[in-house]
Each structure stands twice: as C-alpha cells, then as structure tokens.
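Protein chains in written order, with our numbering: chain A, 1 to 267; chain B, 1 to 447; chain C, 1 to 290.
Rather than coming from a laboratory, the hints here were simulated on the basis of the structure. Just so you know, even glycine gets a beta-carbon here, dropped at the ideal spot from N, CA and C. Check before you lean on any hint, since a few could be wrong.
Below, a sample of chain A positions facing chain B; criterion: calculated Cβ distance under 8 angstroms [as the list claims (entries may be wrong)]:
no., residue
1, R32
2, T45
3, G225
4, A231
Residue-level listing of the chains:
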Amino acid sequence: MNKSWRWLAVIIIIVAVLAPLIPQLIWSFTFRWYFPSLLPGVWGTQAWEYVFSKSSRVGEGLINSLNLALVTSLFSIAVGLPAARALALYEFRGKSLVEWLLMVPIIVPGIVVIMGIHILFIRYRLTGTFLGVMLIHLIPCIPYMILVMSGVFANYGTALEDTARTLGASSLQTFWYVTLPGILPGLLVATMFTFLISWSQYVTTFLIGGGRIITLPLVLFPFIGGANHAAAAAISLVFVAPALAVLIFISRSLATESSIMGGFGRL
Amino acid sequence: MKSATKFHRMAIVMLVGLTLLAACAAPTPQTVVVTQIVAGTPVQVEVTREVSVTAAPQPTAVSETPPVYTSWDEVLAAARGTTVYWHMWGGSDTINGNVDSDIGGPMRDLYGITLIRVPLNDTADAVNKVLDEKAAGVETGGSIDMIWINGENFKTLKTAGLVYGPFTDLLPNSKYVNWDDPAMAFDFGFPVEGYESPWGHAQFVMEYDTAQVGDTPPTTFEALQEWIHANPDKFTYPAVPDFTGSVFIRHLFIWAAGGPDPFLGDFDQATFDKYAPKVWTYLNDIEPDLWRGGQTYPEAAAMTDLLANKETAFNMGYGPAGASLNIAKGIYPETIRTFVFDTGTLANNNYVAIPFNANNPAGAMVVANYMISPQFQLTMADPNRWGWLITADPRLWGQHDQDVLASYELGVATLSADVLAAHALPEPNGAWVTAMEEGWIKNVLEK
Amino acid sequence: MQRLHLIEKLRVPLMLAPSLLILTLLFVGGLVVGLGQSLGYMPVIGLNNFTLRHYVDVLTDNNFLQSLWVTFRIAFFSTLFSTVLAVAFALILRETFVGSQLSTFMFQVPLPIPHLVAANGIVLLVTQSGLIARLLATVGLLNSPSDFPVLVFDRAGIAIILTYLWKEVPFIGLVVLAVLKSVGPEFEELARTLGAGRWQRFWFVLMPLILPGIVSTSIIVFAFIFASYEIPLLLGVRFPTTLPVWAFNNYRDPDLNLRPEAMAVSIILTVISIILLVAYRRLARYAVTA
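Please build the complete structure, drawing on both the sequences and the hints.
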C-alpha cells in the first residue's frame with residue numbers, strides 16, 4: 001500500500017515537472033508542426049539560428065541578466081548578511097519594528113512601489129542604467145537574503161565563534177575559518193534565491209531599464225502567446241539553463257539542511 | 001534602560017527623516033520649470049489618450065534646446081560614429097532580423113552609426129516614456145532617439161509639442177516621397193508637417209484557409225456574418241486596443257456608413273451615434289458564434305497560431321505579404337490565401353519620429369533618410385526579404401530601380417498591388433479611432 | 001575603553017543601517033510617492049491638490065468588484081492547491097526509499113525556473129491545439145481542437161493557476177520538508193506507542209509542527225500572486241482583468257491623467273492584501289493555540 005503510493009507520487013512528480021518543459025524542447029527544433037500531429041512534421045533549427053543571431057539579442061540579454069543577478073546577489077549579501085546576523089543573535093529595542101521594515105517588501109505588493117519610484121528614477125537619470133535596474137532589483141532581494149540568513153544564523157548560534165575567540169582568533173580569522181564555513185550552505189541557498197529573483201524580474205527591468213538594459217525576460221516576453229512558438233521555446237530554454245545549473249550546485253543543501261528552507265517559516 | 005530608550009528614539013527619528021527625505025525627493029527645483037510649461041489641469045481625467053502635457057516646450061536656457069541643423073552636411077558630420085536608439089515594436093523575429101541586417105548593417109558600413117533596436121510590446125510605451133521624461137524635466141539627452149510610430153501615438157506626441165523637427169525637408173531622399181499625396185502628408189487624418197518620415201506602407205487584408213472556407217471567401221460583411229453563423233467557433237478578431245482588432249472595427253464603421261467619408265473630418269458625436277449601433281448590433285450578433293463563443297478575444301499574434309492549427313479559418317492584418325511569408329517560414333500551411341472586402345480595406349503608413357529631447361537627432365535623421373532611399377525601399381519590397389509595400393513613389397526613381405521593382409514576383413498568397421490600390425481606403429481621423437475603441441469595450445466586450 | 005564601549009553600542013545599528021537605508025529609501029520612498037499620486041498629488045503634470053476622487057472613481061467602477069474577485073480567486077485557489085499538494089508531497093519525500101533522491105531533485109526543478117518559462121510551457125501544453133490535445137487526438141479521443149476544453153485565455157484562469165501550481169508547490173514543499181526532516185520521527189513514534197492512528201498522528205503531531213512554515217510560505221505565495229502582473233496578462237482573458245493588470249495598463253497609458261487611478265488601484269490592492277494576510281495569520285495562530 002505504502003509502496004504503491006510512493007511510486008505513484010514519484011511518477012506524478014516526474015511527469016508533472018517535465019510536462020511543460022518537453023513541449024518547449026520539441027518546439028525549439030520545429031519548422032512545421034500542425035494539429036493533430038504528435039511530433040513536428042518538419043524539424044528544423046531556425047529557432048536556434050535566430051537565438052544565436054545577433055538580432056535576437058538573446059546573447060546580450062543573457063550577459064546582462066547574468067551580470068545583474070550576480071551583482072545584485074553580491075550586494076544583497078554585503079548588505080543583508082550583517083542585518084540577518086543582528087536580527088538573529090541580538091536583542092534590542094525596536095527589533096520588531098526593524099524586522100517588520102526589512103520583511104515588508106515580501107508581503108506588500110511591489111507594484112505601487114515600482115510605479116511610484118519610476119518618476120524619481122527618471123528625474124535622477126537612473127532609468128536605463130545598470131545601477132538603476134540593480135537598485136530596483138535589490139528591493140525584493142535583500143528581504144529574502146535576510147529572511148533565509150537570519151534563520152541560518154539563529155540555528156548556527158555563537159558558541160563556536162566564542163570558542164575560537166577565546167582561543168585567540170581575530171574577528172577576521174573567526175569569520176573566515178569558523179563562521180563562514182558554518183553558514184556557507186545556507187548562504188549559497190540564499191544567494192540562489194536572490195540570483196533567481198533578479199533573474200526573473202520583468203516589470204521592474206521593463207520600467208526602470210527602459211529598453212536600454214535588455215535582459216532575457218524582456219527578450220522572451222513578446223514571444224509568449226505569439227505565433228512563433230519555436231523562437232519562444234528556444235529562448236525559454238536559454239533562460240532555463242543557467243537556473244538549472246545553479247540548482248544542481250545547491251540541490252543537496254536545499255533538501256538536507258533543514259535550517260535553510262526552515263528560515264521561511266520564521267516570517 | 002535609559003540608553004535603550006535613546007536608541008529607540010534615535011531609530012524612529014532616523015526612519016522618519018528617511019521617509020520625509022524620500023517623500024520630498026519628488027518636488028525638486030526643476031519642478032518649477034516643468035509646472036510652468038505644463039498647462040495641464042486635471043480636467044481630462046475621464047478621457048483616455050487625451051494629451052496631458054499640452055503646451056509646446058519653451059526654449060528656456062541654451063543648454064535646454066535641442067541641436068538645430070541647417071544643412072545635410074552638418075547632420076552627417078554630427079551623426080558619424082554615433083549610436084541611435086530606435087524604439088520599435090519587437091514581437092516579430094522577421095522584422096527584428098531584417099531591421100538589423102538591412103538598416104543596421106548599412107548604417108554601420110556607410111556612416112559608422114550603431115543602430116540599437118529597443119523592442120517594445122506596444123508603441124504607447126515609448127510615447128509614455130517621452131511624456132514621463134518631459135514630466136520629470138529631462139529636456140535634453142533623452143533615452144529615445146527615434147520611434148516607429150503612426151496615428152494616435154504620433155498625434156499625442158505632436159500635439160504635446162514633444163517631437164523634434166520639422167526635419168523631413170533636410171533629408172535628401174525626401175524627394176522620393178510624394179508629399180502632395182494626402183495619403184503621405186496626413187497620418188490618420190493628422191497633418192505630418194515634416195515631423196515624421198515614412199518608411200513602410202501597410203494595407204489591411206483578410207487571410208483565410210481554402211481548406212476550410214473554399215476558394216470563394218466571404219468578401220462582404222453580410223456574407224461574413226452568414227459564414228460565421230454557419231460555421232461557429234471558426235472566426236474571431238483581436239480585442240482592442242490591439243491595433244489589428246481596432247482596424248477590423250473601423251472597417252465595420254465604414255461598412256455601416258457606406259464609405260469612409262463621414263470619419264475623415266473632425267470627430268462628431270452625432271455622426272458617431274448614427275452609425276455605431278449598427279456596428280455593435282453586428283458584433284454582438286456574431287459574438288456567440290465566434291471562437292470560444294466570444295468569451296474572450298485573442299492577441300493579434302495568437303491569431304496566426306489559431307489559423308495555422310485550423311482552430312479558426314481566418315486571420316487578418318496589415319501585411320498583404322504576411323501570409324506568403326508565413327507559408328515560407330513553415331508557420332502557415334500552404335492552403336492559406338488572402339482577400340480584401342468589396343467595400344475596401346484601410347491603408348496607412350509607418351513613420352519614424354524623433355522625440356523633442358532625443359540625445360542624437362542627427363543620427364536618427366540619417367537612419368530615417370536611408371529608410372526612404374530607393375536602395376532600402378527595394379529591399380523592403382522584395383517578397384523574399386520583407387515583402388512590404390513601399391512609401392516612396394517609384395515614378396520618382398531612376399529607370400533601373402523601377403525595373404527591379406517591376407521584376408519582383410508576388411508571393412503565392414499575396415494580392416497584386418493593383419487589386420490592393422483599387423480597394424485602398426483612407427484611415428479615419430484619430431479621435432474617431434479612440435471613440436470606436438472605447439465604444440467597443442463598453443458595448444461589446446463588457447456586455 | 002570608552003571607545004570600545006561605543007563601538008559595542010553602535011554594533012547593531014551599524015549592522016542594520018545599510019539594509020534599512022536602502023529599503024527605506026527605495027521601498028518607503030516609492031510607497032509615499034505612489035500614495036501621493038493616488039491622492040491626486042502629482043506636481044509634475046500640474047496636479048497639486050489632494051483628493052480622494054480617484055479612490056471613489058475606482059471603488060464605484062462597475063468593474064472593480066469583478067476584477068477584485070478575479071484577482072482574489074486566482075490567488076486563493078493557486079495558494080490553496082499549492083499548499084495541499086506541497087504538504088502531500090513533502091510527507092512522501094521525507095522518507096528514504098529507492099528513487100527518493102531522484103524524486104527530491106525533480107521536485108526542486110521548477111524552483112529556479114522563471115515564471116515566464118513556466119507560462120510558455122503551460123501554454124504549449126494545454127491550449128486547444130497543445131501537446132495534451134495532440135496526444136488525445138493521436139489516441140483517437142479528440143477530433144478537432146475545439147473538442148478540447150478551454151484552459152488558456154479562459155474566464156476561470158485555469159492556465160494561470162496551473163502555472164502558479166507548477167512554480168509554488170516545490171517552494172512550499174521544500175520548506176515543509178525541511179521542517180519535517182528537522183523534527184525527526186521521535187514524536188510520531190511516541191504518538192504511535194500511545195495508540196494514535198495515521199490520521200491522528202498527522203493532524204495532532206505533525207500539523208502543529210509544520211503549520212508555522214505553511215502559514216509563512218502561503219502568505220508569501222498569496223501576496224506574490226495577488227500582486228503579479230505578467231502571468232494574468234499573458235494567459236488571462238482581456239476582461240475582466242486582475243487588479244494589477246488594470247493598474248499597470250492604466251499606468252502605461254499615454255494619458256498621464258490615468259496615473260492617479262493606476263496608483264489608487266494598486267494602493268487598494270495593497271490594503272486588501274494586507275488585511276487578508278493579517279486575518280489569515282490571526283486565524284492560523286488561533287488554530288495553533290486551540
């Protein structure tokens with residue numbers, strides 16, 4: 001009984017996860033494919049030729065998306081890590097207010113904020129700049145970094161660091177040799193979240209990037225629901241590849257380190 | 001305890017300070033200039049697409065005026081080696097690729113100009129951006145150098161004084177455009193007056209599947225109505241404000257009025273009310289037998305897919321050669337053909353305009369000039385490349401170029417230029433279009 | 001010594017300052033400007049007087065309730081189904097068995113994939129001429145695309161909900177899984193020895209443990225879906241639209257006078273979202289203590 005349930009679940013997971021990915025894989029190699037054929041009548045590589053051509057701007061979008069996601073993530077770490085530690089390990093007056101302020105972008109719909117800030121960014125000439133787009137991506141990224149890492153810090157505690165310090169290690173040494181290895185799996189997961197949040201942004205990049213900063217979502221968006229499924233599918237696959245690579249890298253920490261995803265339960 | 005309270009107070013003071021700072025960031029000294037220029041009062045809130053930035057820009061300071069050129073040589077000198085940001089609708093991989101190779105390529109080779117396409121979902125986004133920049137006081141060095149534009153969007157910008165120019169007299173190739181033809185000098189009934197330069201010409205055609213419809217398509221609206229009722233679920237049109245959906249409805253108004261004339265002048269509510277009920281009755285009558293029972297209306301781009309998979313039997317659009325190109329690209333089966341209504345189909349031009357605050361108007365002018373050259377117009381007319389209709393008047397070309405144009409063979413599903421020309425109708429004035437779109441939303445979509 | 005004391009005292013404020021500074025400036029700044037515009041204060045286009053008119057306009061619009069209902073329905077059902085499925089899969093995946101590692105990995109795959117890609121895949125899968133329809137036609141269950149149910153651009157928003165399910169089940173599932181793994185089997189063993197049945201063990205032992213995680217993640221998911229624009233725009237009907245689509249379409253209109261209305265719609269959206277989430281959290285707390 002238990003066993004057949006398991007097998008059913010395994011099959012459902014695999015089929016459901018692959019179901020939306022398989023048609024995209026097939027379509028990306030399609031030239032002619034009309035209803036009701038199960039497979040394309042004529043295969044072709046036109047879509048991939050388009051993706052690799054300069055005029056598709058997929059390459060440019062890929063580089064911009066990667067750069068933005070990496071810089072936004074590094075910035076989120078630099079800014080969010082100390083805050084997460086402070087929230088996890090220190091008690092202070094006004095803590096709940098600060099906690100609320102730092103978490104509020106996760107709960108409060110961002111749409112009004114983005115539309116409100118747009119005019120300010122135009123005035124200060126931040127639209128159409130890398131800096132402007134990165135700043136707007138930070139709004140959802142920093143709270144996620146803090147959310148995950150405060151869970152990790154709280155779980156990790158200070159005992160090991162205290163020991164290291166009593167043994168004569170400097171603050172820098174303590175951080176590098178004791179703290180960092182301890183929080184690293186969690187940090188990787190948190191970075192994956194910030195990376196992917198930035199990686200998936202459409203509305204924010206669209207408004208603030210103003211077409212000057214082309215990222216992959218901007219390249220893909222006009223094709224979804226359009227007639228050229230082959231091109232849409234091929235661009236989608238380019239969009240998926242780096243994200244999947246990131247997942248393979250941290251998959252184990254995601255499933256085994258309970259404190260990391262558990263951080264979301266602390267909201 | 002005391003210090004903790006202090007910290008608490010300090011934190012609150014800091015937060016309040018930051019909030020105020022952020023709030024005050026809105027009115028900066030520049031606002032003074034802007035509010036003077038802007039005569040906008042909040043009267044027009046109910047009217048969509050009404051222009052809010054109404055007054056023309058006043059040349060306030062020297063640094064705030066756009067560059068002025070008196071000769072083509074000056075323009076060329078200023079344009080060489082620059083970058084031009086061209087904001088244009090980006091949902092067609094064919095057009096994207098063609099623009100890069102057939103306009104971007106020559107620009108790089110001839111003038112060292114880097115042409116960067118900025119893809120849009122909707123041209124209104126670019127118009128919106130120019131308005132935003134105006135509102136935020138960005139008078140020079142704006143982010144858009146050139147916009148693919150026509151109709152209502154051009155009218156919005158020009159009425160607000162937010163286009164650069166007039167500049168077409170400066171373009172040497174402007175001599176190939178027959179500006180005496182009202183079809184060129186007026187864009188949806190609105191005078192161009194040198195503020196935008198044409199490139200492609202467009203005429204509406206209907207596409208149908210001979211395998212489903214047979215060889216004689218319904219070329220009148222009465223016949224179409226009958227066909228729809230006899231074949232439920234096989235016809236639809238895109239929802240406005242989609243460009244294509246909007247033009248389909250315009251055709252119905254012209255059909256209802258027995259010709260385009262009532263809609264060429266200024267908007268008149270009485271005339272509108274006279275013909276509108278017939279159109280809404282027609283559309284509501286066919287609605288239950290439309291694709292999806294009229295529950296929803298597709299995107300223009302999705303219509304292609306519906307026809308390709310025989311979910312519907314018709315598509316429509318502004319590209320007379322689009323069906324032939326789609327057959328060649330494998331998107332359409334080979335049974336697709338095109339037709340025009342006996343009562344005629346609308347024709348208009350694609351233009352490019354330069355925003356008032358463009359960073360590089362000289363570069364944009366060089367690109368616009370190339371786009372009306374015989375060389376590019378021939379590339380555009382080539383059925384195997386673009387398959388577009390041209391805006392230049394070939395009679396003003398040299399004999400060789402005219403011969404090349406005459407030698408082109410039509411695509412398999414493309415109607416001849418003569419048939420198209422014989423059925424061409426002028427576009428209604430922009431105010432009519434807005435009223436028709438709003439009327440459709442109220443009387444058909446939300447019914 | 002005095003200096004060290006000062007550094008010690010400033011430590012926490014210094015650690016928090018960068019995050020607070022950025023988020024307050026950007027988030028609160030944007031919120032305040034947006035709030036101002038929704039109240040008709042937009043000096044750049046000559047609107048200088050505060051007014052509640054735009055809120056009145058939106059709230060008395062015939063389509064407002066319809067749009068609100070569509071927005072709520074999509075967010076509610078996406079969240080509800082995601083949560084139920086996520087808990088079910090987490091309960092299965094917490095145990096080790098042949099293929100559990102593979103399943104756990106596959107379960108995580110949608111997590112990093114962007115919503116736009118998921119939407120594109122769902123479209124290609126479930127339109128009337130999509131892969132499922134082709135599959136059914138191949139085995140002879142379907143004659144023409146119109147025999148297949150309408151799942152994309154439909155009034156119920158099925159394709160939208162499917163897209164969100166595909167994306168959010170793994171997210172909630174992994175959080176629940178993390179909690180389940182950290183708990184270990186001891187509590188359940190204890191309950192079993194005390195004679196608790198399978199259902200009782202789930203409801204009275206596991207549920208209180210995983211409930212905080214479920215509440216938090218479903219709040220995140222609901223808030224995200226309630227305010228998102230891209231997927232309802234791409235896969236939804238043109239009318240009635242969701243509130244974020246309404247707001248953003250007005251914002252993108254070349255008529256700048258529609259901006260205050262766009263802002264009013266999104267402020268209303270924000271307020272409703274917060275009210276719903278606070279009520280939900282209260283309810284969940286009450287359920288835990290009861």
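Outcome of the hint check:
{"no.": "1", "hint": "R32", "result": "4 angstroms, holds"}
{"no.": "2", "hint": "T45", "result": "12 angstroms, violated"}
{"no.": "3", "hint": "G225", "result": "5 angstroms, holds"}
{"no.": "4", "hint": "A231", "result": "5 angstroms, holds"}
Checked against the numbered hints given earlier, this structure breaks only hint 2.
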